[in-house]
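A.B. asks: Just so we're aligned, residue 1 is where the sequence shown starts under UniProt numbering, counting upward by one.
Keep in mind the hints are simulated off the structure, nothing from the lab. Certain hints may be false.
Simulated DEER-style distance windows between Cβ atoms [to be verified]:
| # | residue 1 | residue 2 | range |
| --- | --- | --- | --- |
| 1 | Val61 | Gly257 | 18 to 28 Å |
| 2 | Tyr91 | Tyr174 | 28 to 38 Å |
| 3 | Trp218 | Ser243 | 39 to 49 Å |
| 4 | Lys246 | Ala105 | 41 to 51 Å |
| 5 | Tyr91 | Trp218 | 25 to 35 Å |
| 6 | Gly208 | Leu258 | 36 to 46 Å |
| 7 | Trp218 | Val58 | 25 to 35 Å |
| 8 | Arg215 | Tyr275 | 18 to 28 Å |
| 9 | Ser164 | Val58 | 41 to 51 Å |
| 10 | Ile206 | Val226 | 33 to 43 Å |
| 11 | Thr250 | Arg215 | 34 to 44 Å |
| 12 | Ile192 | Lys246 | 47 to 57 Å |
None of these values were measured; they are calculated from a predicted model. Note that CB positions come from ideal geometry on N, CA and C, so glycine has one too.
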Amino acid sequence: MACSTPSHPEPLYRFANASRLLYAPSTSPEPVMTHVQSPSWFVIRSKATADIGYDALVPTVIFTALALVMVILRLCSRTCSNPSRIGLEDYFITAALLLSIGFTAVIGQGIEVSIDIADLGEDATYPALLPAMLKLVLAQAILYHLASNLVKASLILQYIRLFSLVPHVLWSCYILLILVFSATAWGALGNIFLCRPIRSYWDVTISGVCMNKERHFWSTSIIGIVVDVAVWTLPLPVVGRLSLPKRQKTGLLVVFGLGGFVCIITILRLALVRYAMVNGQVTRCGTFAIVFSSIEINVAIICASLLVMKPLLARFIPCIISEQPLSAAEDGRASRALTSTHMLRTSIADATEKRECRERNDTLVEMNGSSE
Numbered sequence: 001m002a003c004s005t006p007s008h009p010e011p012l013y014r015f016a017n018a019s020r021l022l023y024a025p026s027t028s029p030e031p032v033m034t035h036v037q038s039p040s041w042f043v044i045r046s047k048a049t050a051d052i053g054y055d056a057l058v059p060t061v062i063f064t065a066l067a068l069v070m071v072i073l074r075l076c077s078r079t080c081s082n083p084s085r086i087g088l089e090d091y092f093i094t095a096a097l098l099l100s101i102g103f104t105a106v107i108g109q110g111i112e113v114s115i116d117i118a119d120l121g122e123d124a125t126y127p128a129l130l131p132a133m134l135k136l137v138l139a140q141a142i143l144y145h146l147a148s149n150l151v152k153a154s155l156i157l158q159y160i161r162l163f164s165l166v167p168h169v170l171w172s173c174y175i176l177l178i179l180v181f182s183a184t185a186w187g188a189l190g191n192i193f194l195c196r197p198i199r200s201y202w203d204v205t206i207s208g209v210c211m212n213k214e215r216h217f218w219s220t221s222i223i224g225i226v227v228d229v230a231v232w233t234l235p236l237p238v239v240g241r242l243s244l245p246k247r248q249k250t251g252l253l254v255v256f257g258l259g260g261f262v263c264i265i266t267i268l269r270l271a272l273v274r275y276a277m278v279n280g281q282v283t284r285c286g287t288f289a290i291v292f293s294s295i296e297i298n299v300a301i302i303c304a305s306l307l308v309m310k311p312l313l314a315r316f317i318p319c320i321i322s323e324q325p326l327s328a329a330e331d332g333r334a335s336r337a338l339t340s341t342h343m344l345r346t347s348i349a350d351a352t353e354k355r356e357c358r359e360r361n362d363t364l365v366e367m368n369g370s371s372e
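Could you build all of it, start to finish, from the sequences and the hints given here?
C.D. replies: Now the structure itself:
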């Protein structure tokens, strides 16, 4: 996302085909797009932009396609028994998918601009293409923050539906939801209003004032990691105490474990971007930023969809989902009941009731002890 060394005393080269403005010191061996003090003179070189575009587009398309398939299966799972089961979290995850597709489309548009640059020759001067590329940079940043936070909001809404009988989890969900919306505002609106006036972000002929891009990038990244960890680990203690069949409980823990993979991707992205930035590898830095941003969004969409796909899986592969022998599972009704949200909520209620009963017994013991 942001590959910068803003304190470097030498002139900086500005490269614009990642989710943020990318900077590299002038000693970088890669051909990049240079921006000098005179806004009327630009030398645009094509290799770095084209390399980032093609290297980033292929994995982004693959993971976006996987996320699309999973969301379709998710909606089929929701509606296979009752169309009214579509909830607000399903609309959020669908919106996140559409934004992820838009993110991929912006990368494709960046390749088209890169090809236009390449057609002009290695050292062609073409200032008109610079605003188009900087607009793509801004669009990628906004789409990333909107999509990633919509997935988190969808997960939290799913938790609210499932854990409504567990007060401390419910309150934690509301607090997390506020944090997610705040992170969305800081990430998306922070990029939109990064420069004043806004147009000065892509039109360098306009004099404007911009906030520190690197600080904004690191602040949004750290906030994102903290919220990711909180969202994916919140249900684990409750799920571990549920009275569910072993196979179903294991499946839930595995899905949340995959959610932990999302956190690892976010941290890995920061580490790799930082490494490439320090070593002046502009192309590698931009590729890491785009690819891992896309993987983070789409893997989160996939994991969030897996949480609600058990009814669909139970219908087509009951031998895997059900704890019963295949002959009993073929009926379908038992396996669907086994994996239904109602059963999960019932298990949560049972666990909550048992905990409250233990707390009441402990209180009675303490009261009896104090009265003697």
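A.B. asks: Now, for every hint given, state plainly whether the structure supports it.
C.D. replies: Against the structure, the hints come out as follows:
1. Separation of Val61 from Gly257 is about 26 Å and conforms to the stated range, judged on CB atoms against 18 to 28 Å.
2. Checked against the hint of 28 to 38 Å, the C-beta distance between Tyr91 and Tyr174 comes to roughly 19 Å, which is inconsistent with it.
3. Under the hint 39 to 49 Å, the C-beta atoms of Trp218 and Ser243, about 44 Å apart, fit the expected range.
4. Checked against the hint of 41 to 51 Å, the pair Lys246 and Ala105 passes, with Cβ atoms roughly 44 Å apart.
5. Hint check: Tyr91 to Trp218, Cβ distance near 32 Å, so the stated range 25 to 35 Å holds.
6. In this structure, Gly208 and Leu258 meet the distance hint of 36 to 46 Å, their C-beta atoms being roughly 43 Å apart.
7. Judged by the Cβ atoms, the range 25 to 35 Å given for Trp218 and Val58 holds: they are separated by roughly 28 Å.
8. Here the CB-CB span from Arg215 to Tyr275 is close to 19 Å, well matched to the stated 18 to 28 Å.
9. Evaluation of the 41 to 51 Å hint for Ser164 and Val58 yields a pass: the beta carbon distance comes to about 42 Å.
10. In this structure the hint that Ile206 and Val226 lie 33 to 43 Å apart at CB holds, the actual value being about 36 Å.
11. A beta carbon spacing of about 43 Å between Thr250 and Arg215 agrees with the range 34 to 44 Å that was offered as a hint.
12. Against the hinted window of 47 to 57 Å, the Cβ-Cβ separation of Ile192 and Lys246 comes to about 49 Å, which satisfies the hint.
Hint check: a violation occurs at hint 2 only; the rest are consistent with the structure.
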